[in-house]
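Colleague: Read off the chains here:
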Amino acid sequence: MSHVSRRTVLRSAAMAGAALSVPGLLTACSTDSGGEGVSNTGKELAPWPTYKPAAAAKPDLAATAEGVQPGYTAYPASLTSSVARTPGDGSTIKVMSVSFGTPPKAESQNQYWKAVEKALGVRIEYTVVPQTDYQKKMATVMAGDPDSLPDIINMFAGYTLPREAQFVQKLGEDLTVHLSGDAIADYPNLANLPTHAWHDMGRIGGRIYGIPLERPVPGSTLYLNRTMFDGAGMKEGWTSEDFAAVAKKATSGKRYALGAATGSMFGNAVHNAAHNAPNGWSVDSRGTFRAACTDDRWKAAVAFQAQLRKNGSYHPDATSLSTPDLQTLFLNGTVGSLQNGFGAYTTLFSDAEGLITPALALPYSVDGTPGGVVGARRSFGYTILKKAKKERVQLLLRVLDYLAAPFGTKEYELLHYGVEGVHFTRGKDGSPQATKLGEVENITNLPFRYLAEGPQVLFVPGMPDVVRSLHAWQRKVVPVAIRNPAFGLQSPTNTAQGATLDALLNDTVTAVVAGRSPLSELDSVVKNWRSRGGDKMAEEYAAEYAQNV
Amino acid sequence: MEKPKPLTQAAKVLALLTVVLLVCVPFLVIVSTSLASQREVVAGGGWVLWPTEPTLQAYRDILDGGIVTHALGVSAGVTLVGTLLSLACTVTLAYALARPGVFGGRPALLLILFTFLFPPGMIPNFLLVKELGLLDSYASLILPVLINVFNLVVLRGFFQGIPEELYEAARLDGAGDLRVLWTVVLPLSKAALAVVGLFYAVAYWNSWFYASLYLESDHWPLQQVLRTYVISGVSMTDTTLGDGAVNAPQTIQMAVLVIATVPILLVYPFLQKYFTKGVLTGAIKS
Numbered sequence: 194m195s196h197v198s199r200r201t202v203l204r205s206a207a208m209a210g211a212a213l214s215v216p217g218l219l220t221a222c223s224t225d226s227g228g229e230g231v232s233n234t235g236k237e238l239a240p241w242p243t244y245k246p247a248a249a250a251k252p253d254l255a256a257t258a259e260g261v262q263p264g265y266t267a268y269p270a271s272l273t274s275s276v277a278r279t280p281g282d283g284s285t286i287k288v289m290s291v292s293f294g295t296p297p298k299a300e301s302q303n304q305y306w307k308a309v310e311k312a313l314g315v316r317i318e319y320t321v322v323p324q325t326d327y328q329k330k331m332a333t334v335m336a337g338d339p340d341s342l343p344d345i346i347n348m349f350a351g352y353t354l355p356r357e358a359q360f361v362q363k364l365g366e367d368l369t370v371h372l373s374g375d376a377i378a379d380y381p382n383l384a385n386l387p388t389h390a391w392h393d394m395g396r397i398g399g400r401i402y403g404i405p406l407e408r409p410v411p412g413s414t415l416y417l418n419r420t421m422f423d424g425a426g427m428k429e430g431w432t433s434e435d436f437a438a439v440a441k442k443a444t445s446g447k448r449y450a451l452g453a454a455t456g457s458m459f460g461n462a463v464h465n466a467a468h469n470a471p472n473g474w475s476v477d478s479r480g481t482f483r484a485a486c487t488d489d490r491w492k493a494a495v496a497f498q499a500q501l502r503k504n505g506s507y508h509p510d511a512t513s514l515s516t517p518d519l520q521t522l523f524l525n526g527t528v529g530s531l532q533n534g535f536g537a538y539t540t541l542f543s544d545a546e547g548l549i550t551p552a553l554a555l556p557y558s559v560d561g562t563p564g565g566v567v568g569a570r571r572s573f574g575y576t577i578l579k580k581a582k583k584e585r586v587q588l589l590l591r592v593l594d595y596l597a598a599p600f601g602t603k604e605y606e607l608l609h610y611g612v613e614g615v616h617f618t619r620g621k622d623g624s625p626q627a628t629k630l631g632e633v634e635n636i637t638n639l640p641f642r643y644l645a646e647g648p649q650v651l652f653v654p655g656m657p658d659v660v661r662s663l664h665a666w667q668r669k670v671v672p673v674a675i676r677n678p679a680f681g682l683q684s685p686t687n688t689a690q691g692a693t694l695d696a697l698l699n700d701t702v703t704a705v706v707a708g709r710s711p712l713s714e715l716d717s718v719v720k721n722w723r724s725r726g727g728d729k730m731a732e733e734y735a736a737e738y739a740q741n742v
Numbered sequence: 127m128e129k130p131k132p133l134t135q136a137a138k139v140l141a142l143l144t145v146v147l148l149v150c151v152p153f154l155v156i157v158s159t160s161l162a163s164q165r166e167v168v169a170g171g172g173w174v175l176w177p178t179e180p181t182l183q184a185y186r187d188i189l190d191g192g193i194v195t196h197a198l199g200v201s202a203g204v205t206l207v208g209t210l211l212s213l214a215c216t217v218t219l220a221y222a223l224a225r226p227g228v229f230g231g232r233p234a235l236l237l238i239l240f241t242f243l244f245p246p247g248m249i250p251n252f253l254l255v256k257e258l259g260l261l262d263s264y265a266s267l268i269l270p271v272l273i274n275v276f277n278l279v280v281l282r283g284f285f286q287g288i289p290e291e292l293y294e295a296a297r298l299d300g301a302g303d304l305r306v307l308w309t310v311v312l313p314l315s316k317a318a319l320a321v322v323g324l325f326y327a328v329a330y331w332n333s334w335f336y337a338s339l340y341l342e343s344d345h346w347p348l349q350q351v352l353r354t355y356v357i358s359g360v361s362m363t364d365t366t367l368g369d370g371a372v373n374a375p376q377t378i379q380m381a382v383l384v385i386a387t388v389p390i391l392l393v394y395p396f397l398q399k400y401f402t403k404g405v406l407t408g409a410i411k412s
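Residue numbers (my numbering), protein chains in the order written: chain D, 194 to 742; chain P, 127 to 412.
Don't read these hints as lab results, they were simulated from the structure. Any given hint could turn out to be false.
Here are the simulated DSS-like cross-link-like pairs (lysine-lysine), alpha carbons at most 25 Å apart as the crow flies [stated by the list, open to error]:
| # | chain 1 | residue 1 | chain 2 | residue 2 |
| --- | --- | --- | --- | --- |
| 1 | P | K256 | D | K287 |
| 2 | D | K621 | D | K251 |
| 3 | D | K329 | P | K256 |
| 4 | D | K330 | P | K256 |
| 5 | D | K582 | D | K287 |
Remember, predicted model here, so these are calculated numbers, not experimental data.
Please work from the sequences and hints to get the whole structure.
Modeller: Take a look at the structure:
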């Protein structure tokens with residue numbers, strides 16, 4: 194037989210490896226790192242689009258300037274039109290977005306898809322990307338040639354993509370001329386997107402490249418089993434001591450007051466906020482950025498959580514439970530609380546019917562200082578367009594303008610509920626209720642909402658009391674929401690190393706709360722975090738912030 | 127033979143029963159949970175050993191709409207065509223590399239082993255598929271993985287183990303290479319072919335990753351479609367974005383497991399007898 198020695202193989206491999214690595218080395222040495230080009234520092238900044246609220250259906254519970262969402266206890270009786278004419282010209286557009294649903298039925302068999310195409314006046318080729326595949330899919334999209342890019346691409350904020358800003362700047366259409374200042378008036382539904390959403394999306398190189406997906410103020414939220422916590426003595430205006438006492442009292446046998454999912458650091462975000470620690474970063478009046486982990490209140494929050502764990506208030510599997518398993522334990526009463534995004538209310542209250550009564554926790558005070566809540570990034574991501582001729586860009590923007598129709602319009606109803614009689618019927622209160630077909634053909638599985646969406650409102654079909662309680666809760670917590678001032682700012686160091694550095698901190702926090710490491714371990718890891726890039730990030734954010742103020 | 131003592135006998139039965147339970151109970155739990163109502167599953171903390179009111183609702187939810195049934199057809203087609211093509215290519219290449227004195231055999235083997243040690247990454251694979259014009263075609267799930275080097279090495283080893291005298295006898299009877307392969311080598315290699323065929327079939331059946339990169343969703347195979355039922359919203363843990371994690375009910379996740387596992391489980395019993403013999407023989411012959 195032909196004999197291949199190990200040495201021969203290794204020698205060949207080493208030579209080939211060296212050859213392959215040369216282009217990579219050259220790239221690494223290139224001066225085109227892109228950090229300067231995408232930074233807003235030293236650039237003339239395009240003005241944000243002028244906000245012009247749409248004349249939407251009057252809410253039953255009013256919005257506030259601070260950011261409390263408008264609440265609708267019933268579906269609007271009469272719907273208005275927000276788009277004057279069909280936006281498309283019969284051409285085909287390719288779109289791509291993240292998806293949290295199951296794959297849509299093919300266009301030829303999908304009545305929802307066809308109905309939206311008819312309304313938009315275009316044929317749509319939709320590439321849906323499951324959110325867990327998003328990073329990999331985007332890597333291939335970014336590596337492909339520019340001509341094969343989809344016309345509309347959703348840039349999901351859930352992941353930091355390597356060189357994302359550079360990609361957008363190089364291959365995305367600069368939308369400044371179409372959207373900046375009063376130019377956005379040509380697209381009334383996009384002009385209805387509040388400035389905070391544009392701000393948290395951010396500029397690239399001083400220009401506007403995308404359209405944000407607006408989100409409400411509250412971020413990570415502590416959902417409680419009201420019966421369990423009321424029974425243990427929960428009261429409004431509670432202190433951290435009260436919280437610990439209630440959690441201890443509510444825990445007995447195989448029932449635990451506090452649940453947490455893997456990766457959440459025992460639900461660290463809400464305790465951080467209650468301790469008034471910064472949400473990622475803080476900035477002082479001189480524009481100096483400080484990381485949350487360098488703040489004593491951050492350390493105090495971790496110490497408080499470690500004490501709660503020592504008290505036995507956490508479910509013993511709090512570091513390993515998956516989110517679905519935790520939710521099951523919450524619904525069957527095994528755990529009395531869980532941390533989730535505020536948006537979880539859309540399904541949680543209906544899932545809990547007949548099982549438990551969920552409630553949103555108010556923050557406790559610490560040493561006499563009222564606690565805060567986590568402020569979300571006001572943009573869930575943004576949508577960019579492939580470079581194209583002016584007329585084509587205008588067409589695509591008209592399509593996105595249609596998709597951004599606000600609640601209470603005919604366009605919103607078509608996009609979110611489908612065709613009446615086919616995908617939904619009316620409930621007693623007039624709210625759309627999905628038919629069997631509507632459960633398969635809908636905006637979850639064909640996720641137009643991640644291309645553009647009108648500002649979100651509080652509305653839970655058939656549950657007016659839930660809407661009232663959510664609105665009342667928001668009125669109390671929105672004023673104390675702690676915002677991350679780094680949202681919308683560019684930091685090349687964060688893009689390159691942010692995920693690694695975050696993991697370094699998060700693993701240590703989890704270990705300290707779990708009792709595997711002493712509290713003093715936090716000091717050394719913070720020192721490490723700062724020297725490996727944290728301090729550089731602070732400088733980069735400060736420079737960007739000075740330009741944006 | 128001495129009759130075992132009753133105590134030893136009982137201990138053996140107990141040990142075997144424990145092993146059987148350890149293997150069977152998880153399967154039972156999966157099937158039971160898929161047949162239970164979501165409410166019963168929640169009450170049971172996520173699992174049901176025996177559903178009190180069995181329902182096929184989870185299966186109806188998955189199979190309604192035709193997406194899963196279409197994907198099932200795609201997976202079956204890709205598995206069948208892919209396995210046949212892979213076997214044909216692997217067998218012919220393994221045969222060529224197994225025969226002494228084939229022109230270029232040694233460098234070819236080196237190159238093949240090189241791809242085994244240093245497989246291309248995701249992006250080079252994607253660019254290759256794109257340049258070949260295979261994006262959004264089922265061929266993209268088959269051609270880039272047509273020959274698996276491990277399977278090739280196993281078959282090559284097996285072919286080399288066939289006595290040289292048989293080759294010589296066939297040659298003396300005037301047989302060419304293809305006839306030797308078809309009438310001598312392959313009939314003697316049924317065990318190895320069955321195993322390698324099973325490896326290929328299982329790999330094609332389970333393949334999901336590249337489908338999400340190369341294909342549009344209306345062409346996805348079963349595993350990629352079913353995966354979306356399981357992962358929808360699961361890892362959206364960065365809740366500072368404000369949206370909450372939304373999860374498919376546990377009943378649906380378990381029904382997905384059943385649908386994804388059963389077809390390949392049905393194949394195993396027919397091929398298992400070849401399994402140990404085929405792999406071990408191919409692996410150790412020089």
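Colleague: All hints are to be evaluated individually against the structure, with a verdict given for each.
Modeller: Hints, verified against the model:
1. Restraint check for P/K256 and D/K287: satisfied, since their Cα atoms lie roughly 17 Å apart, inside the 25 Å limit.
2. This hinted pair checks out: D/K621 and D/K251 have alpha carbons roughly 20 Å apart, not beyond 25 Å.
3. Pair hint D/K329 plus P/K256 holds up; C-alpha atoms about 16 Å apart against a cutoff of 25 Å.
4. Between D/K330 and P/K256, the direct Cα distance comes to roughly 14 Å. Compliance with the 25 Å bound is thereby established for this hinted pair.
5. At roughly 16 Å between alpha-carbon atoms, D/K582 and D/K287 fall within 25 Å of each other, so this suggested pair holds.
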